[in-house]
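A.B. asks: Chain E with the ligands: place on chain Y using the hints.
From first to last, the protein sequence lines are chains Y and E. Last residue of the first sequence: 1387 (our numbering), numbering continuous. Last residue of the second sequence: 1387 (our numbering), numbering continuous.
None of these hints come from the bench; they were simulated from the model. Any given hint could turn out to be false.
The list treats identical chains as interchangeable, and a pair is accepted whether it falls inside one copy or across any two copies.
Derived pair list, reagent style DSS-like, types lysine-lysine, alpha-carbon separation capped at 25 Å [unchecked claim]: (1) 1225 - 1285; (2) 1271 - 1318; (3) 1225 - 1318; (4) 1204 - 1271; (5) 1299 - 1271; (6) 1288 - 1299; (7) 1204 - 1318; (8) 1288 - 1204; (9) 1204 - 1280; (10) 1285 - 1318; (11) 1204 - 1283; (12) 1204 - 1285; (13) 1299 - 1204; (14) 1299 - 1225; (15) 1204 - 1225; (16) 1299 - 1318.
Remember, it's a predicted structure, so these values are computed and weren't measured experimentally.
Number of protein chains: 2
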Amino acid sequence: MTPDRYQKLCTTLNRRQPDLTLLADEVHKPHNLAAIVRTCDAVGIQTVHLCNPNIRERSLRGRSMGSSRWVDVEKHANTVEAAKTLKAKGFKIYAAHFTDQAKHYHELDYTIPCALLVGSEKRGVSPEAAEIADEHVIIPMQGMVQSFNVSVAAAIILMEAQRQRQAAGLYDQCRIPEELRPDIMFRWGYP
Amino acid sequence: MTPDRYQKLCTTLNRRQPDLTLLADEVHKPHNLAAIVRTCDAVGIQTVHLCNPNIRERSLRGRSMGSSRWVDVEKHANTVEAAKTLKAKGFKIYAAHFTDQAKHYHELDYTIPCALLVGSEKRGVSPEAAEIADEHVIIPMQGMVQSFNVSVAAAIILMEAQRQRQAAGLYDQCRIPEELRPDIMFRWGYP
Ligand SMILES: C[S@@+](CC[C@H](N)C(=O)[O-])C[C@H]1O[C@@H](n2cnc3c(N)ncnc32)[C@H](O)[C@@H]1O
Ligand SMILES: C[S@@+](CC[C@H](N)C(=O)[O-])C[C@H]1O[C@@H](n2cnc3c(N)ncnc32)[C@H](O)[C@@H]1O
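Next comes chain Y alone, as it looks inside the complex (with noise of 0.2 Å):
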């Protein structure tokens, strides 16, 4: 590995958030996840929920340009098993989700530990994901179309939380646990 490379492993690593995930909903066309992953590398998440049983590993990896090759990508049967896991490890859930009690994205605090949920292509979060989550969050719509592509929706609130990050100054030290370190460089490094 050349210095420059291994330099930028480094940093890379340097700005992950540990206390910052998605959670898909049984979101399942391979290119919506595929460009999921892509912008969850992008914003510093190391772990990202995939909610669905049938998510077909080979066609994520074609299309991601190899971004799952950086982030850990854990797979779930059940999404309500999968969000409840993580509210007990102290993550606020964030449900994607049209609702009444839904509020402006902008108006949430992305600095604690929480987990973005979004839901699948057809059917938007399940009525017991939604139920589970500690609040609902929208982007507004100026058109006459309901919904924005999944992984639009999703990176358009991942960048108002790496916004809020930046501003906290989460990325300016890193925040992944000392003894964790070695085993992702590794991974990255020679896979």
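C.D. replies: Below, chain E with the ligands without anything else, positioned relative to chain Y:
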């Protein structure tokens, strides 16, 4: 048409931004084009420019969840010609393009007449199109992957444009010239 529906069409028309547009430089995957057109509708763009000789209208229509019904899609065989035409009408061309002179996407002024130029999935913005642009713009990334999916990048920048335009009051009064309104309402109402 129900009164509610008519009201929704009026509200949408009143928020359209005739001096904001997007130019896609040989973006060719139907799901990306569809997601882009859908985002354009959501931020109030009425006319979008797709530059590519080989776009298949049919696949676009199915995938954009009907958003090409609400947004006028102009097709061009040549990106540079399309950009020149917009420049002659007073638009600044902002190319989303990785160069040394590129500015952070928060730094540009999107309240003036402007067109966001995005590049193709593989090759990005062509050198000729980059050359004719007034500004180059980038979204900083914290990860290992070099670029966002094109529809994601377009949405991130267009949402910043929307934020600025909202702050400037540009969604508060109808900005489509009066003589053009009946035609749009007719096409929307009786497809
Ligand atoms: C295509 S949308 C699902 C649409 C579905 N028909 C519904 O009504 O929920 C896929 C997912 O993208 C996210 N999404 C899309 N547009 C959004 C918006 N304006 N605000 C918040 N989330 C949005 C939500 O998580 C949604 O479940
Ligand atoms: C997948 S990228 C093209 C990547 C291509 N290999 C390159 O180097 O230009 C497709 C388009 O998305 C836009 N894009 C993606 N990530 C961007 C970023 N971080 N900043 C600005 N534009 C971006 C650009 O318009 C780009 O041409």
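A.B. asks: Indicate, hint by hint, whether the structure satisfies it.
C.D. replies: Evaluation of the provided hints:
| no. | hint | in the structure |
| --- | --- | --- |
| 1 | 1225 - 1285 | neither (29 Å within a copy, 39 Å between copies) |
| 2 | 1271 - 1318 | within (20 Å within a copy, 29 Å between copies) |
| 3 | 1225 - 1318 | both (11 Å within a copy, 20 Å between copies) |
| 4 | 1204 - 1271 | neither (28 Å within a copy, 40 Å between copies) |
| 5 | 1299 - 1271 | neither (28 Å within a copy, 38 Å between copies) |
| 6 | 1288 - 1299 | within (14 Å within a copy, 34 Å between copies) |
| 7 | 1204 - 1318 | between (38 Å within a copy, 23 Å between copies) |
| 8 | 1288 - 1204 | neither (31 Å within a copy, 35 Å between copies) |
| 9 | 1204 - 1280 | neither (35 Å within a copy, 39 Å between copies) |
| 10 | 1285 - 1318 | neither (30 Å within a copy, 40 Å between copies) |
| 11 | 1204 - 1283 | neither (32 Å within a copy, 39 Å between copies) |
| 12 | 1204 - 1285 | neither (30 Å within a copy, 43 Å between copies) |
| 13 | 1299 - 1204 | between (37 Å within a copy, 22 Å between copies) |
| 14 | 1299 - 1225 | neither (27 Å within a copy, 33 Å between copies) |
| 15 | 1204 - 1225 | neither (31 Å within a copy, 31 Å between copies) |
| 16 | 1299 - 1318 | within (22 Å within a copy, 37 Å between copies) |
The structure is inconsistent with the numbered hints 1, 4, 5, 8, 9, 10, 11, 12, 14 and 15, although it conforms to all the rest.
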